[in-house]
Amino acid sequence: MDTIIRSLIIYFVLWGLLRLSGRRTLGKMTSFDLVLLLVIGGVTQRALLGQDYSVINALLVIVTLILTDVALSLLQRDFPPLSKLFNGEPMIVVEEGRPLLGRLKRARLTAEQVLEAARRIHGLERMDQIKYAILEASGEISIIPYSTRQVTA
Amino acid sequence: MQFQRRTWLAERIGWIVMAALLVAGLAGIFFHGPLSRTIAKNADESVAIDYERFAHKTALTHFVIRTSAPLPDHVLVRLGPSFANMHDIDSIEPRPVRSSGGSYGLEFLFARSSAGDLGVYVAARPKRFGLMSLHVEVEGRGALNIAQLVYP
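For the record, the sequence lines run as chains D and G. The first sequence begins at 1041 in this note's numbering and counts up one residue at a time. The second sequence begins at 2 in this note's numbering and counts up one residue at a time.
Calculated directly from the structure, the hints in this document are not laboratory data. Since we're looking at a predicted model, the values are computed, not measured. All the pointers check out, no bait thrown in.
The calculated SDA-like cross-link candidates involving lysine to any residue, where the alpha carbons are at most 25 Å apart (straight line), are:
id, chain 1, residue 1, chain 2, residue 2
1, G, Lys128, G, Gly81
2, G, Lys128, D, Val1101
3, G, Lys58, D, Gly1082
4, G, Lys128, G, Ala144
5, D, Lys1124, D, Ala1147
6, G, Lys128, G, Arg96
7, G, Lys58, D, Ala1098
8, G, Lys58, D, Leu1089
9, G, Lys128, D, Met1041
10, G, Lys58, G, Gly102
11, G, Lys58, D, Ile1102
12, G, Lys42, G, Leu72
13, D, Lys1171, D, Arg1146
14, D, Lys1145, D, Arg1059
15, G, Lys128, D, Ala1087
16, G, Lys58, D, Leu1099
17, G, Lys128, D, Leu1099
18, G, Lys58, D, Ala1087
19, D, Lys1145, D, Ser1178
20, D, Lys1145, D, Leu1164
21, G, Lys128, D, Asp1042
22, G, Lys58, D, Ile1045
23, D, Lys1145, D, Phe1126
24, G, Lys58, G, Ser37
25, G, Lys58, G, Phe130
26, G, Lys128, D, Ile1102
27, G, Lys128, D, Ala1098
28, G, Lys128, D, Gln1091
29, G, Lys128, D, Val1095
30, G, Lys58, D, Gly1081
31, D, Lys1145, D, Asp1073
32, D, Lys1124, D, Leu1048
33, G, Lys42, G, Ala70
Simulated restraints, written as ranges between beta carbons of each label pair:
id, chain 1, residue 1, chain 2, residue 2, range
34, D, Ala1098, G, Gly103, 35 to 43 Å
35, G, Gly117, D, Ala1098, 41 to 49 Å
36, G, Ala20, D, Asp1168, 52 to 60 Å
37, G, Ala28, D, Phe1126, 25 to 33 Å
38, G, Ala20, D, Leu1125, 20 to 28 Å
39, D, Phe1072, G, Gly15, 33 to 41 Å
40, G, Gly143, D, Gly1090, 29 to 37 Å
From the three backbone atoms N, C-alpha and C, an ideal C-beta is built for every residue, glycine too.
Start from the sequences and build out the full structure, keeping to the hints where you can.
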């Protein structure tokens, strides 16, 4: 019983912390972010398993985490406001070639990073070639150039 | 598309099985929980063992052996040979006055409490998995056989 309760607590605490750390943590992962995630994984493992290294305990932890994930995805499907709470929502950061600096700053992005995304996937060179740049809920930057094609960086 | 439908069906069945596992886990079918904790008593209820029916290999599980008053100054408690074979004993409270081991298993001599009864707290880690039969005896009071299912 306590294994399941511990797993649920860890799930929601981790979710809350990652959500608070902002979208870029998920979307633009640097090698240091990866190391950080591995460290978080190691620390979490101890909290999840305690001193019980049995197979059944590991199975219970895995089932709890997966089922919580499935249950939350079903809830988000049926209650869209929950989806917004859990994942956030997309935000336009470049409009008609004009970077919205206030939003970029609060999202901890720079115009250069938006341009990088535009260059990398779409081969664009200048800001005025971008119709819209959108910071997606997943942390990725989508670029819509002055054509109908949409590319995700 | 038929294959996809079957996959979706399998997924949903999987969710139901996982949910059932979770409910069983919360109820204590796998370890700590209301269905796991139990008390075994001998015929005249002078010896009772509070323990868990279900345990995990390598994880601590607790046994409380209680004997009611009146008791002599010193009480001998025997844990059958299967106990030591199946478990690593982590701790025993209170500290026994004397302990020994032999073909009969482990013997501990305890001083009774000031209230005239005795409660012995044993913390142990199962070192094997499967169904275990454990024998506990309080000399002069009676013996009990308890069963414990240890998950791998």
